[in-house]
Amino acid sequence: MVESNKDGSDMAVTQEGRSIELVLPSEVGYERVAMEGAGAFARMLGFPSERIEDLKTAVAEACLNALQHGNRNRPGAKVRVTLTFKEKAISVRVMDEGEGIVEIPDLPETEEAMIRLQPPRGLGMFLIRRLTDAVDFNEPTEKGHVVKMVIRREGCTSLN
Amino acid sequence: MSENTKIRMTTQGPLALIHIEGDVTAASEAAFAQAHRDFEACGSRGIVLEFDEKAYINSGGIALLLQFLAEVHRRRLQIGITGLTEHFMKISRLVGITRFAKVYPSLEEAMGNLLN
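The listed protein sequences derive, respectively, from chains B and V.
Everything in the first sequence is counted per our numbering, starting at 63 for the first residue and increasing by one.
Everything in the second sequence is counted per our numbering, starting at 261 for the first residue and increasing by one.
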């Protein structure tokens with residue numbers, strides 16, 4: 063392992079192209095395995111703590127959607143998570159065995175939910191959108207449905 | 261009730277202090293319902309939610325938290341939150357939690373300032 067500079071640049075160069083893959087059962091709770099794995103991967107690459115937390119939340123929420131909504135908690139169905147480091151960014155692919163997301167809300171239904179005093183929906187996708195630098199919720203593949211996200215080492219993470 | 265959600269309530273003067281630790285997820289609904297019954301029974305003027313620094317909160321838990329805050333807010337009670345990590349403070353602003361509750365850096369500040 064190469065020591066990193068303050069900004070993690072040396073380590074980033076040596077780790078260029080590195081990739082990890084996790085295969086999860088469709089059971090609530092396993093999203094945290096992916097979350098912690100993603101966090102460890104980003105730490106090795108010298109990502110700052112704020113970006114690591116953004117990545118962990120985005121990965122956890124994408125996996126939760128995949129196992130609950132994509133695979134519908136079916137025993138035997140898998141969620142495959144791949145993280146690849148390239149050009150100062152981590153690309154994440156979360157693949158389930160479902161048919162994709164039919165409706166992607168622009169915003170969580172917070173206002174309406176508050177009036178009706180019911181929990182808002184769509185918060186997971188909303189958080190993914192706001193915490194990542196790029197996201198594609200419906201990448202079609204032959205083997206299943208993929209959510210693709212990109213987190214840059216020096217990213218936005220703004221409140222825009 | 262989620263076995264991993266631990267919510268307990270105490271009172272300090274006019275305030276109810278609700279301490280939350282463990283996993284706050286969609287499975288925490290019963291724990292929040294119990295907390296709601298507890299603070300209603302004690303007749304407090306305000307509520308401070310104190311999160312354990314190791315608490316794990318996902319979107320399902322945030323949804324329940326927002327619902328809980330909206331219910332308390334409708335009763336015109338003051339709500340404070342403390343113990344949030346820097347990352348969850350950011351998420352709180354993103355999802356609108358801060359529209360219902362004031363976020364304090366420490367329990368002491370929350371207890372001292374909420375009703376002022």
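Because the hints were derived from the structure by calculation, they are not lab data.
Mixed in with the good hints there might be a few duds.
Here are the simulated distance ranges between beta carbons [stated by the list, open to error]: (1) V/R268 x B/A196: 29 to 35 Å; (2) V/E313 x B/E204: 21 to 27 Å; (3) V/N264 x B/G138: 21 to 27 Å; (4) V/N373 x B/R183: 32 to 38 Å; (5) B/R183 x V/R297: 21 to 27 Å; (6) V/G273 x B/R183: 36 to 42 Å; (7) B/G91 x V/E313: 16 to 22 Å; (8) B/R134 x V/T270: 36 to 42 Å; (9) B/G79 x V/P274: 58 to 64 Å; (10) B/E83 x V/E346: 47 to 53 Å; (11) V/Q294 x B/E201: 39 to 45 Å; (12) V/R268 x B/V95: 40 to 46 Å.
Positions of the beta carbon are idealized from the N, C-alpha and C atoms, including for glycine.
Do the hints match the structure? See the list:
In this structure the supplied range 29 to 35 Å is violated for V/R268 paired with B/A196, their Cβ-Cβ distance being about 42 Å. In this structure the supplied range 21 to 27 Å is violated for V/E313 paired with B/E204, their Cβ-Cβ distance being about 44 Å. Distance hint check: the CB atoms of V/N264 and B/G138 are about 25 Å apart, consistent with the given range 21 to 27 Å. A C-beta distance of roughly 34 Å is found between V/N373 and B/R183, which places it inside the suggested range of 32 to 38 Å.
Range check, B/R183 to V/R297: Cβ separation about 25 Å, and the 21 to 27 Å hint holds. At about 38 Å, the CB distance of V/G273 to B/R183 agrees with the hint of 36 to 42 Å. Range check, B/G91 to V/E313: Cβ separation about 21 Å, and the 16 to 22 Å hint holds. Distance hint check: the CB atoms of B/R134 and V/T270 are about 41 Å apart, consistent with the given range 36 to 42 Å.
Take B/G79 and V/P274: their Cβ atoms lie about 60 Å apart, and the range 58 to 64 Å holds. For the pair B/E83 and V/E346, the supplied restraint of 47 to 53 Å is violated, since their beta-carbon distance comes to about 30 Å. Against the hinted window of 39 to 45 Å, the Cβ-Cβ separation of V/Q294 and B/E201 comes to about 42 Å, which satisfies the hint. For the pair V/R268 and B/V95, the supplied restraint of 40 to 46 Å is violated, since their beta-carbon distance comes to about 29 Å.
When held up to the earlier numbered hints, the structure conflicts with 1, 2, 10 and 12 and fits the remainder.
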